[in-house]
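Peer 1: Given next are the chains, with one letter for each unit.
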Amino acid sequence: MTDISAIAKSAEVVAPTDAPPRSPAAAFMRRSLRHSGLMIGGIMLLVIVVLALAAPLIAPHDPYAQDLARRMRPPVWHLKGSWDHILGTDKLGRDYLSRLLYGARISLMIGTLTVLISGTIGTLLGVCAGYFGGKIDAVLSYVVTTRLALPVVLVALASAAIVGSSLNGVIVVLGLLLWDRFAVVTRSATQQIAQSDYVAAARAIGCSTPRILFSEILPNILNALIVVATLEMAHAILLEAALSFLGLGVQPPLPSWGLMIAEGKQYMFFSAWVIGIPATALVLLVLAINLVGDGLRDVTAPENRN
Amino acid sequence: MALLEVDDLVVDIATPNGTLHAVRKISFSVERGETLAIVGESGSGKSLTSLALMDLLPRRAVRSAARLRFDGIDLLGIREPQMRKLRGNRMAMIFQEPMTSLNPAYTIGNQLIEALRCHEAVSEAAARDRALQLLDKVGITNAASRLRQYPHQLSGGLRQRVMIAMALMCSPDLIIADEPTTALDVTIQAQILRLLADLKSEFGMAMILISHDLGVVARVADKVAVLYAGDVVESGAARPVFKAPLHPYTRGLLSCIPIPGRTAPGAPLGAIPGQLPNLIGPQHGCAFRARCAFAMAECEAEIPLVHPEPQHDVRCIRLPALEAMA
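Chains as they are written, first to last, in the numbering used here: chain P, 1 to 306; chain D, 1 to 326.
Hints may contain errors.
[Said to hold, decoys possible] Derived Cβ-Cβ restraints for the label pairs, each shown as a range:
#: 1; chain 1: P; residue 1: V163; chain 2: D; residue 2: R79; range: 26 to 34 angstroms
#: 2; chain 1: P; residue 1: G134; chain 2: D; residue 2: R79; range: 18 to 26 angstroms
#: 3; chain 1: P; residue 1: Q191; chain 2: D; residue 2: E124; range: 28 to 36 angstroms
#: 4; chain 1: P; residue 1: Q266; chain 2: D; residue 2: H152; range: 53 to 61 angstroms
#: 5; chain 1: D; residue 1: R60; chain 2: P; residue 2: L116; range: 50 to 58 angstroms
#: 6; chain 1: D; residue 1: E124; chain 2: P; residue 2: T145; range: 54 to 62 angstroms
#: 7; chain 1: P; residue 1: L222; chain 2: D; residue 2: I257; range: 43 to 51 angstroms
#: 8; chain 1: D; residue 1: E124; chain 2: P; residue 2: G37; range: 52 to 60 angstroms
#: 9; chain 1: P; residue 1: T145; chain 2: D; residue 2: L269; range: 16 to 24 angstroms
#: 10; chain 1: P; residue 1: L33; chain 2: D; residue 2: N142; range: 24 to 32 angstroms
#: 11; chain 1: P; residue 1: G134; chain 2: D; residue 2: I259; range: 29 to 37 angstroms
#: 12; chain 1: P; residue 1: G133; chain 2: D; residue 2: G33; range: 36 to 44 angstroms
#: 13; chain 1: P; residue 1: T145; chain 2: D; residue 2: G215; range: 28 to 36 angstroms
#: 14; chain 1: P; residue 1: N168; chain 2: D; residue 2: T141; range: 39 to 47 angstroms
None of these hints come from the bench; they were simulated from the model. Just so you know, even glycine gets a beta-carbon here, dropped at the ideal spot from N, CA and C.
Assemble the whole structure, with the sequences as input and the hints as a guide.
Peer 2: What follows is the structure, encoded as structure tokens:
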């Protein structure tokens, strides 16, 4: 016992870090605030999300209400524009601003739900392949390769042709198709972490395999997962717009941005704003999400790799 | 009955070039309250031996033994769920790299508490109390605030103390310390070793201390097994082995250590020429013969274990010649 107290008095142990330890969350916040790309993207994304959530409160008109007497009204900055319809009306006389706001809800919903589905599938496959290796890895890698060989748009077109197209259909099809990047990224991240000493230590403590997978490995690959999730969200939103543009995604009269572009394409030479407004909204949303994804990658990378 | 009995433990690793015989029929036993030191250079199979005891070998490595009993439990016939109950709970392990052996995603407290709650149905508060008590015991001041810290906020020495506390959480019967001081500064090494030895006697645990550093081992070990190329070349009570080493390899190892006051400044330190033999393919004879100054043709045959004195076994046929030299 005397030995232990002697050790306790030695210099190395007596000097604890005197400053209160900065929690990882606080350090993360500080770095995020300094990252201009992340801040710009974050603010843009926040604005879009708030507008989408508040759409029923702030939309000036019913997005579905048609008024053929007031069709193709130009937006307010146009010579013939009026404050009644700030962004004008479409070919059926529906208020464009209201449709744009409701369309944001659809885009965000598709992005979030698709990523939830594909993220779960991809992470499960990737973590198992990376941790178990061997035959399991070979089989799962083969499944990933097979998935990569399928062109997403063609499969989505085929499934729309078979079961018909709807909002839920788009979410399910994209969710079942877009998990490849999750699987590839989590697989390599897991392989790296499965070699680490703390996983060996967890096994030596007697942890079960599911416990090691979900409470030792998963928290340590979370930052990579978040980055992939944002990028895939942007990907899903663009794909939805593309499918809706082709008439195989969201069906009218739902206000999807891709559908709005499709509906406006015959007027693009004389009323460019019909296409310009939803296209701009789409670009801004995808840009914001990508900025956030890149920013998160920069901000989360350094410290957790000690 | 000894706490741990190991007879003819073998670890084979399948490689593309053939089977690598990493550990070749080694036998030892550890009593309660005893410290066994396993000593050898890199690649001699020490770490694989410890992993084999815990059944944590990498996938390509295959374990077999004539007997492997822990407290009367046959570890060879036991299934993985039962083995998992022993790991951490009754046999704990301390790893070489304190810098990477703690999960960066959790606080120290979280990891200590989980180590106990993995095995025992205790409340979080009780586990926290035990963690505090043990952190105090391993010489960490301000334990309550340390519990809330993350591994990257601690120094290497502190982390190794945390690892020791974590190994003690379930009051194991046996602690396997795989090079616990190798990654630490020399000044911290002595503290950690002293701590391990004190805790071992306080809790009445058995300890297997794995090291390449004879100086480290000499101070705390009761028994020593010198491992060379996967085989125990010399074993016995620590005092005779260190005082009067018999095997040429052990002698060579000991002559590598400078002794303050006795080794003259500028005098060349001992060195063992050559390197470990290739362990792929069938092995025969004394593994050390290629590097041994006393080797002769007979060394290629199977070498029996000889007992020159009580509690001292050597695997060498050249002892008489060596005695004559001395």
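Peer 1: Okay, G134/P versus I259/D on CB: inside 29 to 37 angstroms?
Peer 2: violated (49 angstroms)
Peer 1: Are L33/P and N142/D spaced within 24 to 32 angstroms by their CB atoms?
Peer 2: Once the Cβ atoms are compared, 30 angstroms apart, the range 24 to 32 angstroms for N142/D and L33/P holds.
Peer 1: Is the distance from the Cβ of E124/D to the Cβ of T145/P consistent with 54 to 62 angstroms?
Peer 2: Given about 45 angstroms between the Cβ atoms, the range is violated.
Peer 1: For the hint 53 to 61 angstroms, verify it against the beta carbon of Q266/P and that of H152/D.
Peer 2: holds (60 angstroms)
Peer 1: Is the hinted range of 28 to 36 angstroms satisfied by the C-beta distance from Q191/P to E124/D?
Peer 2: holds (33 angstroms)
Peer 1: Look at the Cβ atoms of E124/D and G37/P and judge whether their distance stays inside 52 to 60 angstroms.
Peer 2: Between E124/D and G37/P, where Cβ atoms are some 41 angstroms apart, the hint is violated.
Peer 1: With respect to the beta-carbon atoms only, verify the hint that G134/P and R79/D lie 18 to 26 angstroms apart.
Peer 2: Holds - the Cβ-Cβ distance for G134/P and R79/D, about 21 angstroms, lies within 18 to 26 angstroms.
Peer 1: Does 16 to 24 angstroms hold as the CB distance between T145/P and L269/D, or does it fail?
Peer 2: With Cβ atoms ~56 angstroms apart, the hint is violated.
Peer 1: Confirm or reject the claim that R60/D and L116/P have a C-beta distance inside 50 to 58 angstroms.
Peer 2: Roughly 38 angstroms apart at Cβ, these two residues miss the hinted range, so it is violated.
Peer 1: Is the gap between the beta carbons of L222/P and I257/D within 43 to 51 angstroms?
Peer 2: Between L222/P and I257/D, where Cβ atoms are some 47 angstroms apart, the hint holds.
Peer 1: Does 28 to 36 angstroms hold as the CB distance between T145/P and G215/D, or does it fail?
Peer 2: violated (54 angstroms)
Peer 1: For V163/P and R79/D, compare the CB-CB distance with the range 26 to 34 angstroms and indicate the outcome.
Peer 2: At 47 angstroms between Cβs, range violated.
Consistency note: the structure conflicts with the earlier hints numbered 1, 5, 6, 8, 9, 11, 13, 14.
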